[in-house]
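Undergrad: Line by line, the protein sequences are chains A and B. If you're matching positions, the first sequence starts at -8 in the numbering used here and goes up one per residue. If you're matching positions, the second sequence starts at 159 in the numbering used here and goes up one per residue.
Take the hints with a grain of salt, since some may be wrong.
Below, a list of computed lysine-lysine pairs in the BS3-like style, where the Cα atoms sit at most 25 Å apart [what the hints assert, rightly or not]:
id, chain 1, residue 1, chain 2, residue 2
1, A, K102, B, K566
2, A, K67, A, K181
3, A, K67, B, K323
By construction, these hints were calculated from the structure, which means they are not laboratory data.
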Amino acid sequence: MSANKEAAPALEVHNLTATYDRQPVLWDIDFSLPEGSLAGILGPNGSGKTTLLRNIMGLMQPDSGYVRLLGQDLAKVRAQVSYVPQRESVDWNFPVSVSEVVAMGRYGPGKLLRRLRRQDRDIIEEAMERTGILPLAHRHISQLSGGQQQRVFIARALAQQAQIYLMDEPFVGVDAATEEAILNLLGEMKNRGHTVIMVHHDLQTAQDFFDQAVLLQTRLVAAGPVETVLNKENLQQAYGGRLNVLSKVGQLAAEKQFPLREKAFRERKKPAHGESD
Amino acid sequence: MEKVIDFLSFQDPTVRLVVAGTVLLSISAAVVGCFAYLRKRALVGDALAHSLLPGVAMAFLFSGQKDPWLLLLGAMISGWLALGAMELIQQHTKLASETSIALVLSVFFGFGVLLLTYLQHHGGGDQAGLDQFLFGNAASMRSSDLYAYGLVGMVLLVMIGAFYKELKLYCFDPDHAEAIGLPTRILRYLLNTMTVLATAIGIQSVGVVLMAALLITPAATARFWSYRLRTMLFLAALGGAVAGLGGSFASYLAPAMPTGPWIVMVLSFLALVSIFLAPRVGIFARMWRQRQNQRKIIRENLLKAFYHGLENKEAQHAWLSRPEWQEQRHLPEWEWQIGFRQLRRRRWVLRRSGRYRLTERGLAEARRVVRLHRLWELYLSRYLALGKDHLHPGAESIEHLITPEVEKELLRELDYPEQDPHRSPIPYKS
Ligand SMILES: Nc1ncnc2c1ncn2[C@@H]1O[C@H](COP(=O)(O)OP(=O)(O)O)[C@@H](O)[C@H]1O
Ligand SMILES: [Mg+2]
Chain A
-8 MSANKEAAPA LEVHNLTATY DRQPVLWDID FSLPEGSLAG ILGPNGSGKT
42 TLLRNIMGLM QPDSGYVRLL GQDLAKVRAQ VSYVPQRESV DWNFPVSVSE
92 VVAMGRYGPG KLLRRLRRQD RDIIEEAMER TGILPLAHRH ISQLSGGQQQ
142 RVFIARALAQ QAQIYLMDEP FVGVDAATEE AILNLLGEMK NRGHTVIMVH
192 HDLQTAQDFF DQAVLLQTRL VAAGPVETVL NKENLQQAYG GRLNVLSKVG
242 QLAAEKQFPL REKAFRERKK PAHGESD
Chain B
159 MEKVIDFLSF QDPTVRLVVA GTVLLSISAA VVGCFAYLRK RALVGDALAH
209 SLLPGVAMAF LFSGQKDPWL LLLGAMISGW LALGAMELIQ QHTKLASETS
259 IALVLSVFFG FGVLLLTYLQ HHGGGDQAGL DQFLFGNAAS MRSSDLYAYG
309 LVGMVLLVMI GAFYKELKLY CFDPDHAEAI GLPTRILRYL LNTMTVLATA
359 IGIQSVGVVL MAALLITPAA TARFWSYRLR TMLFLAALGG AVAGLGGSFA
409 SYLAPAMPTG PWIVMVLSFL ALVSIFLAPR VGIFARMWRQ RQNQRKIIRE
459 NLLKAFYHGL ENKEAQHAWL SRPEWQEQRH LPEWEWQIGF RQLRRRRWVL
509 RRSGRYRLTE RGLAEARRVV RLHRLWELYL SRYLALGKDH LHPGAESIEH
559 LITPEVEKEL LRELDYPEQD PHRSPIPYKS
């Protein structure tokens, strides 16, 4: 039994099926990720990436199947798991300051009717320092840029001092500085043996960031080491043919101003060089 | 007059009691209401208040007396049924949530009014003044009522104090609360129960029709002035207290007058004042900002025009006449007047017998504006591949907006260019 536990992967998803109003969004998903990995959950828009994370975090009841974290039920290892939701999932006009949001990482069922301790305060400050938002500690959260808001969420997750981090598209709508700060943090976490599982929409960079990948399209297309998952065939299956993607990209470029994209492409080359370790 | 003095001196113990009770329940409704407001449940609060009526009427029907605890119990049951009904309708039909709220409100309230009418015609001895449940009458409360409502109000405030941080988290990010294993179901029941109770204790003094105002208006008003939940709760409590005081005062002066409308009048006055005067988001603050922006634009346009004039003359000498100043861009007289006055006040311009010249500071400022304009044009042409004739209008507005940080970024991005797309030199600090 104990030997079994040691070998337990960070995350196992077994035959998971999830629906909204009886519309299947995830269909019989089955995979596992080893501890200490940096894993990307990839797939086109609406392929169920967010839904998968919500099911893992117990925020939704699956129609069938189950999830194990560190070989256990979520209820037993909650303190070891932290979740960074999509930025739009909360109202940024809510009357709280940056440090108050980060402090929420220290709340928990064992701390009802109690104020946070000095030790908690220290942890909160360190989390803000590591994400570079300590100078903004007393700002109201609506006064932050998108990137800074994302960092607040990440700082809150760091304050939880968990083993496994689940992040939902932390790179969406953030500035170059935040992107770099997040990437540095990811490296740090990996070095400490933490597991990071991240929803990501950009295939270009996926190769460079991750060592494991899960490719979704309502069903599981492939899961495993990133090199084996991200091949042409799998991508074709997930994204439904290249022309589709191309026309979508074309639409995007027409809709949005693309200086942002150009800039992003240039900067994204950086991690590619430092990838060897 | 005598009555006013009587009231204000708080000599009369019944006055003291009525005031204390009304103020306390107003405070607790205002504080509980903040959470409903932040969860965007303002409409639910209104529906809930109306839905308490049948429960209250039933309690009276069965017991034949106005016992506050029985009324509270009836209100609780009725409120819970209403909440449950809303939830069921939303879960099992495709109706929009507002529809389900409106549906529950009208059905419950209609039934309540029906019961009330029946009671007034067939009820027992104490049926007089039952319509006070609709619009409230603070002065009619007996001491037993006041003790009961005051006690419940106190308990509500203590509960909020005890679970303050969890309630804050639950309202801000319920998913996170759930993810870290907080008992979110219990928190939700707690909030709902508190809303029902906070509404129920106000029924006699404010009435079901206007109770929602006491729940939501202080929260909305306080939000104008605060950026922290703690401050918001405190200000909402203050607003509720003032309204409660005003309401009970009016009720004391004119006992036949319903209290609810008076409380709402006070609350609305506070809300109106806030809409105009609040910092940053208030109407006056916005108007002031717009005025400042407009002045900045005029001022900077004037500087830019001057710089263009200097470029034209190739800086033979720095003193320009007014036609020379406005050669490239003619501003209407009033704009010129406003702009010139501002430049003068900042000591950015000198005048000598009908000719003008920029001071050193003024010239630096003019250079900055022209530089930003040209940098932005260059940025647009490089990154958006816009034609040269499309560049000017876009840069015209943006140049007034660019902060030093953005300027730095622009410079880095464009690698400190020498010329804009029209081949005009980009002026740097000399
Ligand atoms: N609350 C919801 N109710 C109904 N349908 C939903 C809801 N959330 C998501 N969906 C649907 O489920 C599908 C998957 O959504 P999601 O997991 O957010 O995808 P992704 O994160 O990969 O973009 C989409 O088709 C979306 O429209
Ligand atoms: Mg998503």
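Undergrad: Work down the list of hints and note, for each, if the structure agrees.
TA: Verification of the supplied hints:
Between K102 (chain A) and K566 (chain B), the direct Cα distance comes to roughly 46 Å. Violation of the 25 Å bound is thereby established for this hinted pair. At most 25 Å may separate the alpha-carbon atoms for a hinted pair to count; K67 (chain A) and K181 (chain A) meet this at roughly 23 Å. Using a Cα cut-off of 25 Å, the hinted pair K67 (chain A) and K323 (chain B) holds, with the two alpha carbons roughly 23 Å apart.
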